[in-house]
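Peer 1: Let the hints inform the model, and build the full structure from the sequences given.
The listed protein sequences derive, respectively, from chains A and B.
Reminder that position 177 of the first sequence reads as 177 in my numbering, one-by-one numbering, no gaps.
Residues are numbered in my numbering as their position in the second sequence, beginning at 1, plus a constant of 276.
Hint data in this document are derived by calculation from the structure and do not stem from the laboratory.
Don't be surprised by glycine CBs; every beta carbon is placed ideally from N, CA and C.
Each hint should be verified, as a subset may be incorrect.
[As the list claims (entries may be wrong)] A short, non-exhaustive set of chain B residues, derived as facing chain A with CB atoms under 8 Å:
1) Phe301
2) Arg352
3) Val375
4) Arg400
[As the list claims (entries may be wrong)] Output of the computed footprint for chain A on chain B, the stretches with three or more beta carbons under 8 Å from beta carbons of chain A:
5) 282-295
6) 359-366
7) 431-437
8) 469-479
[To be verified] Computed footprint of chain B on chain A, listed as stretches where at least three residues anywhere in the stretch have a Cβ under 8 Å from a Cβ of chain B:
9) 44-54
10) 95-103
11) 166-178
12) 208-217
13) 254-267
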Amino acid sequence: MARARRRSSLPGFSPALGFTLLYLSLVVLIPLAALFWKTSTLSLHDFVATVSSARVLAACRVSFGCALAAALLNAWLGLLVAWVLVRYRFPGRAIADALVDLPFALPTAVAGITLTTLLARNGWIGRVLEPLGIQVAFTPLGITVALIFIGLPFVVRSVQPVLEDLDAELEEAAASLGASRAQTFRRVLLPALAPAVTTGFALAFARGVGEYGSVVFISGNMPMKTEIAPLLIVTKLEQYDYAGATAIAVTLLLVSVALLLAINGLQAWSRAREIG
Amino acid sequence: MRLALTAAALGFLALFLVLPLVTVFVYAFSEGLRVYAAALAEPDARAAVGLTLVTAAFSVPLNTAFGVAAAWAIARFRFPGRSLLVSLIDLPFAISPVVSGLIFVLLFGMQGLFGPWLVEHGVRILFAVPGIVLATLFVTFPFVARELIPLMQEQGSDEELAAVSLGASGWQMFWRVTLPNIRFGLLYGVVLVNARAMGEFGAVSVVSGHVRGLTNTVPLHVEILYNEYHTAAAFSVASLLAGLALVTLVAKQLLEWRIGRKGRAA
Chain A
1 MARARRRSSL PGFSPALGFT LLYLSLVVLI PLAALFWKTS TLSLHDFVAT
51 VSSARVLAAC RVSFGCALAA ALLNAWLGLL VAWVLVRYRF PGRAIADALV
101 DLPFALPTAV AGITLTTLLA RNGWIGRVLE PLGIQVAFTP LGITVALIFI
151 GLPFVVRSVQ PVLEDLDAEL EEAAASLGAS RAQTFRRVLL PALAPAVTTG
201 FALAFARGVG EYGSVVFISG NMPMKTEIAP LLIVTKLEQY DYAGATAIAV
251 TLLLVSVALL LAINGLQAWS RAREIG
Chain B
277 MRLALTAAAL GFLALFLVLP LVTVFVYAFS EGLRVYAAAL AEPDARAAVG
327 LTLVTAAFSV PLNTAFGVAA AWAIARFRFP GRSLLVSLID LPFAISPVVS
377 GLIFVLLFGM QGLFGPWLVE HGVRILFAVP GIVLATLFVT FPFVARELIP
427 LMQEQGSDEE LAAVSLGASG WQMFWRVTLP NIRFGLLYGV VLVNARAMGE
477 FGAVSVVSGH VRGLTNTVPL HVEILYNEYH TAAAFSVASL LAGLALVTLV
527 AKQLLEWRIG RKGRAA
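Peer 2: What follows is the structure, given as structure tokens:
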């Protein structure tokens, strides 16, 4: 560190880094260490028994399955929205663009009760779907809808800047060389946008797996059917089963960290693409 | 083609974003202005608003101070472990809100690491205001640092080096050069911290204990009203949060325009 300071003549390195490390430790690292401390007190047998119990496996299937479905749909919907916002000019475009961030800004509990109210049997949308035999609220479909809402901005905001930098001339060149619209999309646009779409997909998926507030209201929370993994953690805590809650939490955490690393890798790939 | 795609995208946005937003306000006023006002004036609702403001009053300044310090160290100096530090700062974003709450239960709960000691000394952290503040600090931790690090890296240190070489002290340089340069990015981070601090549900729900009038924040109060079938009251209180979200969006838009770039996915 002495070497680092000599190279820069700017002041304040030691106090800034010192405060950063102290605050990081107090607010994030020490509390997180508690999770691993608790995990270390569990026997491997108990840990495996908890994580592989039928109810936990079912909850994980719901959480991962719905998050995956929502993120896949969001990849396409987000691409569509980003495309329209970047390439077309129409009245109200700036407002539509600003609104894309609504799921980030709206507290998840508000999103949860609103979507549930809309999609319940007597809600504005539920009423229309009911005669068609489609039930959304209190089914995995409802969970997926909530996760589409929560995840949409990730894909749009990942794709938008890449699309803005992408030259429209590239598409014109493809078209003038005789490519059809579908060919241009598949051969020219999709490869250029793939890293950004995949990053957005991964971010939306990671968020969806751990999401709680927007989902608990619409899911109905039936064990084995529509119970999500984060809710199961809460349930176990309420029963003072700290060990069980910790086992599920550590599993979720490890998956999230793996996803975070994958996303960082994707972003590096994305940047390399942009430069290349 | 263009028309069809535009219509599809806007239709989707209208259905998924505009309709829910409208729904909040329609249901809030569904039983008239009197019920709306009564739901907000009720003592439990006022206590919830108070607690939410207290939580934000801790989270915003502390995480802002941290963000500035971290961005200064990371964007202006090279040191071993720098990229690891950046990843660690991002960590709270990757963790489920429920897990963020759980770690504080494991620290301060009765069976927790410090639980017995706290009971002995009569200090309450869990199911009380300190626990709510800590959980909120955790979930809003990365926002300011994440905004400032790329911004300061992009701006470079030429102006600061010039100030120092002309004899400015560290604080003079900070107040007269650094802060004016980063002010919009900083404000942007503050807006994001504030929105999340006031709206956090999962983490706070785990550590709060749900004591009405004492440890309920606004989102938790909305949950209780909704679960007790006070739909109009629930949406009345929720409309405060939806209003906050709209203010956040407008502020975000204005600041992005001033910074001159698009917001990245948080």
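Peer 1: Run every hint past the structure and note whether it holds.
Peer 2: Quick rundown of the hints versus the structure:
no., hint, in the structure
1, Phe301, "10 Å, violated"
2, Arg352, "5 Å, holds"
3, Val375, "5 Å, holds"
4, Arg400, "17 Å, violated"
5, 282-295, "holds (count 10)"
6, 359-366, "holds (count 5)"
7, 431-437, "holds (count 3)"
8, 469-479, "holds (count 6)"
9, 44-54, "violated (count 0)"
10, 95-103, "holds (count 7)"
11, 166-178, "violated (count 0)"
12, 208-217, "holds (count 6)"
13, 254-267, "holds (count 5)"
Checked against the numbered hints above, the structure violates hints 1, 4, 9 and 11; every other hint is satisfied.
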